[in-house]
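*Asks:* Below, each chain spelled out in residue letters.
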Amino acid sequence: MTECRHCGLPAPTATEFCCSGCEAAYALVRDQGLEQYYRRRCLDPTARALRPDAEAGPLDVSGQAVVGEDGIVTLHLMVEGLHCAACVWLIESLLGRQPAVVQARLNMTTRRLVLRWRGAAALGNDLIKPVLLVGYRVVPYDPARLGTETQRQEQELLRAMAVAGFASGNVMLFSVSLWAGASMGPATRSFLQWLSALVAVPAVIYCLRPFVRSALTALRVWRTNMDVPISLGVILTVAMSLYETFHGGRHSYFESALMLLFFLLVGRYLESLARGRARSAAEGLVALGAARVTVLEPEGGRRLLAPAEVKPGQTVLVATGERIGVDGTVSDGISELDTSLITGETAPYTVEPGCRVFAGTLNLTAPLRVVAGAVGEGTLLAEIVRLMEVAEQGRAHYVALADRVARLYAPVVHVMALLTFLGWRWGVGVPWQEALLTAVSVLIITCPCALALAVPVVQVIASGRLLRQGILLKSATALERLADVTTVVFDKTGTLTLGRPELRRDGRWQEDDLAVAASLAVASKHPLARALAGSVPAAHPLSGVVEVPGMGLQATEADGRRVRLGSRVWCGADGDDGQDQEAGQELWLARPGLPPVRFAFDDTLRPDAVSVVATLRQQGFAVELLSGDRAPTVARIAAEVGIDSRHATCSPADKVSRLQTLKADGATRCMVGDGLNDAPALATADVSMSPSSAVDVSQNVADVVFQGKFLAPVVEILTVARLAHVLVRQNFAAAFLYNIVTVPLAVMGYVTPLLAALAMSSSSLVVIVNALRLQRRRKP
Amino acid sequence: MNGLLMLIPLALALGLIGLGAFLWALKSGQFDDLDGAAHRILFDDDDGPKA
Chain V
206 MTECRHCGLP
216 APTATEFCCS
226 GCEAAYALVR
236 DQGLEQYYRR
246 RCLDPTARAL
256 RPDAEAGPLD
266 VSGQAVVGED
276 GIVTLHLMVE
286 GLHCAACVWL
296 IESLLGRQPA
306 VVQARLNMTT
316 RRLVLRWRGA
326 AALGNDLIKP
336 VLLVGYRVVP
346 YDPARLGTET
356 QRQEQELLRA
366 MAVAGFASGN
376 VMLFSVSLWA
386 GASMGPATRS
396 FLQWLSALVA
406 VPAVIYCLRP
416 FVRSALTALR
426 VWRTNMDVPI
436 SLGVILTVAM
446 SLYETFHGGR
456 HSYFESALML
466 LFFLLVGRYL
476 ESLARGRARS
486 AAEGLVALGA
496 ARVTVLEPEG
506 GRRLLAPAEV
516 KPGQTVLVAT
526 GERIGVDGTV
536 SDGISELDTS
546 LITGETAPYT
556 VEPGCRVFAG
566 TLNLTAPLRV
576 VAGAVGEGTL
586 LAEIVRLMEV
596 AEQGRAHYVA
606 LADRVARLYA
616 PVVHVMALLT
626 FLGWRWGVGV
636 PWQEALLTAV
646 SVLIITCPCA
656 LALAVPVVQV
666 IASGRLLRQG
676 ILLKSATALE
686 RLADVTTVVF
696 DKTGTLTLGR
706 PELRRDGRWQ
716 EDDLAVAASL
726 AVASKHPLAR
736 ALAGSVPAAH
746 PLSGVVEVPG
756 MGLQATEADG
766 RRVRLGSRVW
776 CGADGDDGQD
786 QEAGQELWLA
796 RPGLPPVRFA
806 FDDTLRPDAV
816 SVVATLRQQG
826 FAVELLSGDR
836 APTVARIAAE
846 VGIDSRHATC
856 SPADKVSRLQ
866 TLKADGATRC
876 MVGDGLNDAP
886 ALATADVSMS
896 PSSAVDVSQN
906 VADVVFQGKF
916 LAPVVEILTV
926 ARLAHVLVRQ
936 NFAAAFLYNI
946 VTVPLAVMGY
956 VTPLLAALAM
966 SSSSLVVIVN
976 ALRLQRRRKP
Chain R
8 MNGLLMLIPL
18 ALALGLIGLG
28 AFLWALKSGQ
38 FDDLDGAAHR
48 ILFDDDDGPK
58 A
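Those sequence lines, one after another, are chains V and R.
Count the first sequence with my numbering and you get residues 206 to 985, in order.
Count the second sequence with my numbering and you get residues 8 to 58, in order.
Please keep in mind that the hints were generated in silico from the structure rather than gathered at the bench.
Some clues are possibly wrong.
[Stated by the list, open to error] Heads up, incomplete: computed chain R residues facing chain V, CB under 10 Å, no partners named:
{"id": "1", "residue": "Met-13"}
{"id": "2", "residue": "Leu-19"}
{"id": "3", "residue": "Gly-22"}
{"id": "4", "residue": "Gly-25"}
{"id": "5", "residue": "Leu-26"}
{"id": "6", "residue": "Leu-33"}
{"id": "7", "residue": "Phe-38"}
{"id": "8", "residue": "Asp-39"}
{"id": "9", "residue": "Asp-40"}
{"id": "10", "residue": "Leu-41"}
{"id": "11", "residue": "Gly-43"}
{"id": "12", "residue": "Ala-45"}
Using N, Cα and C, we set each Cβ at its ideal position, and we do this for glycine too.
Construct all of the structure, not just a fragment, from the sequences and the given hints.
*Replies:* Here is the structure:
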């Protein structure tokens, strides 16, 4: 085996390329004079191989292109398959060298490509062609719909953090001279105080906005959250300091307010960063609805329409290799459909006139004409997405631990500060400034700096540790929910198994049978045929192979004899040879004069599925298998991996109801699955994971997405989640312990706001250092 | 005191310049793609992509 010169995957010996697509891609890159790409790049084994996708249907991006006023068309694309910076360079060069292109800029972090060109919107399809030919995949997207809100908030936080950092640093300088200069004259002191006020007041007004906004939102619905004491504490401190500055007093504490804000903003920013990392993965959503469908006009013309514009009753033409865009009934043509997106099962499904077909399924073997029954929001695809959204809303009620703590904690803080003020003013009878000063100290010292940092810091470090292993946490509360998991529920196809058929070497065929079969199979896009062809890399394609839809492949040899590869009946095999008949998971080869030969296919288990299930059980998790597949197959897989509790032939709704039963039994459920049929189950479970081979919609629902062909991330995620949970609790305990010690002192008036701010910073440090322990890998 | 009158505004002005530069860089998108920018300079090209 050698390595393919283009994609780096194994290629047959004595050839330079693994397939014709790679050869064409290499030629394209060389013709453009860009072959230095191959020297500069470093392939990322976790990324998708750079292999041109022969199965991809035609991509029409013209609908997503926006024509600007100056005649320049802008198109936003998400690029899949980036390996390193050389890929960025290659894509930008391929696009930028075309004369029409004004700008091509690819952001390596977000994988977003902005393409601007002069000319018609439809020109975009030609412009991106070289990029597709080289093997990258692109998906057009609407930038207005994607996470701009969070991005804007993140920018605002970063700006506020910069301002707070600048202001607190400078004000701290003035304050240090104020504290150190006991012999300072009143004029100098007043001057420094005024300067502090000059810097601090605008900065506080600017930086406090995110907190005040959140506090007001909470107060408006008669709730209180962490932001209420923060806002109140800062405002009171600044107001009191201003009062002191006006009256030439000594008690100005601008730096405390600013330092507090700065630390809190750092915590907030880290928190949002942890979420942002996962966002880019979530953005890999393929706009299934964005693909155009070809509508046949009654008078004979063809029109490209968005799926939403198709009216029921219209006839839609579905080319081979295209995704069906509407639900409907086949009116003409026999073909096989890959329904894995809807059912999660890999075995293709034969359709003929009169059969119902669903949007999102892939047409494999022959063109079909489909009379649209339901479109857009009425399709099964849309129905599943809706089911998923409903389930998601149910889960949105989960309240993060920090918020639950805050809900209890914030009122206590307010009451305590108020009591302190009242107690000192009228109980002890000191002047109101002094009473207010003590009350502010209480507010600051209880101000939950450590509490605010306790959770985000742990989350950032935990998600960083997982990210390095190709695991993405998408939901902010996923770690907390994962820590409580008692039951792990697996889907079969694509989760426990790799989700693609592989030839079973059961000794029922000879090598030369395989060679003949493979020479026929290379001509087909059928998954079983591809698996068969894939097991013989050096297969010589036979000429004159005809695909008979729903039946198989047929070739006529020179002497007029016919060779067939296809279904059991078509190849003349008798149906009762005692084998387990997993329909669709076999191919027969019929040659004249020879008995038919059977090729059986298995969906192979992930290499570590058995050990992962064993480890999970050892760690005390209940493990279950829910599959839409037939009972014998499910039983075989369950026995292989060692799962006792299994349920076969589950529809998406069955899976949801099984999960609800588990919940009623008091289990906290973690669902691991892929496929759109699992999407409702993923959303129903308390927490969900999805392998990255999964279709994009289910990745969107899953809280955690992991990459690669191994199942071990499931164990790693659960381990990290439990560890993170322990650390969060320790952090809370540390923060509370600190409060228990310092609050009485503050109430009694022994702590000035300055001391409070210092003590608070030190408690934050303790919390951060504790969280850093999570970075150490503990080998099980 | 005279020294203070000169040095403090100077220090503040310098700090403000730094802050302004950071905010400008943030606004002009220089923090959007930290990975790409680091590698982009390695690929200098005679007829590089139009930017």
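*Asks:* For every hint, state whether the structure bears it out.
*Replies:* These are the hints, each one checked on the structure:
1. Met-13: For Met-13/R, the interface hint is violated, since the closest Cβ of chain V sits about 13 Å away, which is over 10 Å.
2. Leu-19: Holds: closest Cβ of chain V sits about 6 Å from Leu-19/R, inside 10 Å.
3. Gly-22: Holds: closest Cβ of chain V sits about 6 Å from Gly-22/R, inside 10 Å.
4. Gly-25: OK, holds: Gly-25/R within 10 Å of chain V, min 7 Å.
5. Leu-26: 4 Å, holds
6. Leu-33: Cβ of Leu-33/R sits 6 Å from chain V, so the hint holds.
7. Phe-38: Hint on Phe-38/R: holds, closest Cβ of chain V at ~8 Å, below 10 Å.
8. Asp-39: Holds, because the Cβ-Cβ distance from Asp-39/R to chain V comes to roughly 6 Å (cut-off 10 Å).
9. Asp-40: Result: holds, 4 Å to nearest chain V Cβ.
10. Leu-41: 6 Å, holds
11. Gly-43: 3 Å, holds
12. Ala-45: 8 Å, holds
Of the numbered hints listed earlier, the single one contradicted by the structure is hint 1.
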